[in-house]
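> Listed below are the residues making up each chain.
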Amino acid sequence: MIIQTNHVAKRFGRFEVIEDLNLRVPEGSVFALIGPNGTGKTTTIRMLMNILRPDRGDIVVLGKPSHNLGAKDFERIGYVSEGQTLPEGLTLAQYFDYLRSIYPSWDRALENELCIHFELPPTRRIKHLSHGMRMKALLVGALAFRPRLLVLDEPLSGLDTLVRDEVVNGLLQQAADTTILISSHELSEIESFTTHVAFMQDGKLLLQQAIDDLRLRFREVLVTLSAAKEPALALPGDWLLPESEGHRLRFIASNYQNDGALLQQLTERFGAVRMECEPMPLRAIANSLMQHRKRNLKR
Amino acid sequence: MVPFKLRLSPGQSIFDQVVFAAVKSILAGELKAGEPFPSVRTLALELKIHPNTAHKVVQHLIQERWLTMQPGVGTVVALPPKARAGDRKRLLEDEVERLVVEAMRVGAGLGEVQQAVEDTWTDLRSLRTVAVSNGK
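Chains as they are written, first to last, in the working numbering: chain A, 1 to 299; chain B, 300 to 435.
Be aware that one or more of the hints could be misleading.
Label pairs and their computed distance ranges (CB to CB) [unchecked claim]: (1) Asp212/A - Pro370/B: 30 to 36 angstroms; (2) Lys204/A - Ser425/B: 40 to 46 angstroms; (3) Ser425/B - Pro122/A: 30 to 36 angstroms; (4) Arg269/A - Gln369/B: 54 to 60 angstroms; (5) Arg387/B - Arg248/A: 55 to 61 angstroms; (6) Arg387/B - Glu75/A: 56 to 62 angstroms; (7) Gly408/B - Lys204/A: 28 to 34 angstroms; (8) Val395/B - Arg146/A: 32 to 38 angstroms; (9) Glu411/B - Pro279/A: 19 to 25 angstroms; (10) Pro335/B - Asp212/A: 27 to 33 angstroms; (11) Leu398/B - Leu86/A: 53 to 59 angstroms.
These are computed hints drawn from the structure, not numbers from a lab. Here a beta-carbon is modelled for each residue, glycine too, at the ideal position from N, C-alpha and C.
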């Protein structure tokens, strides 16, 4: 594991932002941390980067406890977040000169390639950059030293679609050689090259998994029963959000294996049934997990 | 340029979807035998998939003999490989059964299904004719 957290918790004042977080980011993955705003994604990332200290639990990044991460380690970790402070008075060229002097592994050719790809104006002062250019400049600064780990906090938010596309392309070119942790409230743009995904809500991980396994595991199931029953009584715990109306029962199977196994489970419970079983888009999977959690909290 | 598109559909791995799209475009003649196949890098960038997935796809297509490695040239499209003994049987029995069951489920009639199969067949064939005549 490139990143591992064990029972991490963090509170601000009385407000518990992170509760019992156990994150596992495998080497070589593109790991998407997905969740609505105000869920603790940024706090999590800031703890991983040794900007914040967890109140409880421990964090290991690149084999080291996060509170021991120092300058040497950050020569191998690229970190981009929206609120980062930059030397506003410098031109981009001056800024990259400065970074080049810091990072021993800085790749000048890659820097040039990225600057051209991102169409960054080298003589422009940083304070005169647009939001999109600023994010792209930060990204060049994080990619050009070929880090082993790249941590990106909401790198796409507030960017127009064209710039998003450029940024995604820039990331893709690096994806083979590095591990990428990327937080976002939207999955769609990064879905195709994400290898792992974690859904976060109210400071908790709802689920973390390889994305292909996730696609196979969830199905929306619609069942027509032979007679109206009261099925809500004792359904398996991994049938999420069950709803029934007369002869019909609808739920989300969260440990689906194949139609045969599910049909057998249903038949054992309800006798003869008719079943329809649809694969789900990731967005729908995320939504059902969140709804499921909300519903359980109310009980 | 990658001569096929990837529209992400749920419930299937990215790998399977890309392999399917590639095989389809070879069978349709959009990619002809002897032509270079897009590199791993191009595949990754244009389809926006992880380079490791792109690599796996190319390796898989080589193993299944859709592609061959030519020293100095790279990966090129091979003549469509002979199917394995079980493939034909699997298609004509299992896959067709699956299609028929699905058709009955959604209430499509035999005629409709036959028509749809014919149309898809002709579409792929005619793409192929266009591609072949463009190639000359």
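> If you check each hint against the structure, which ones fail?
Going through the list in order, the structure violates hints 2, 3, 5, 7 and 8 and respects the others.
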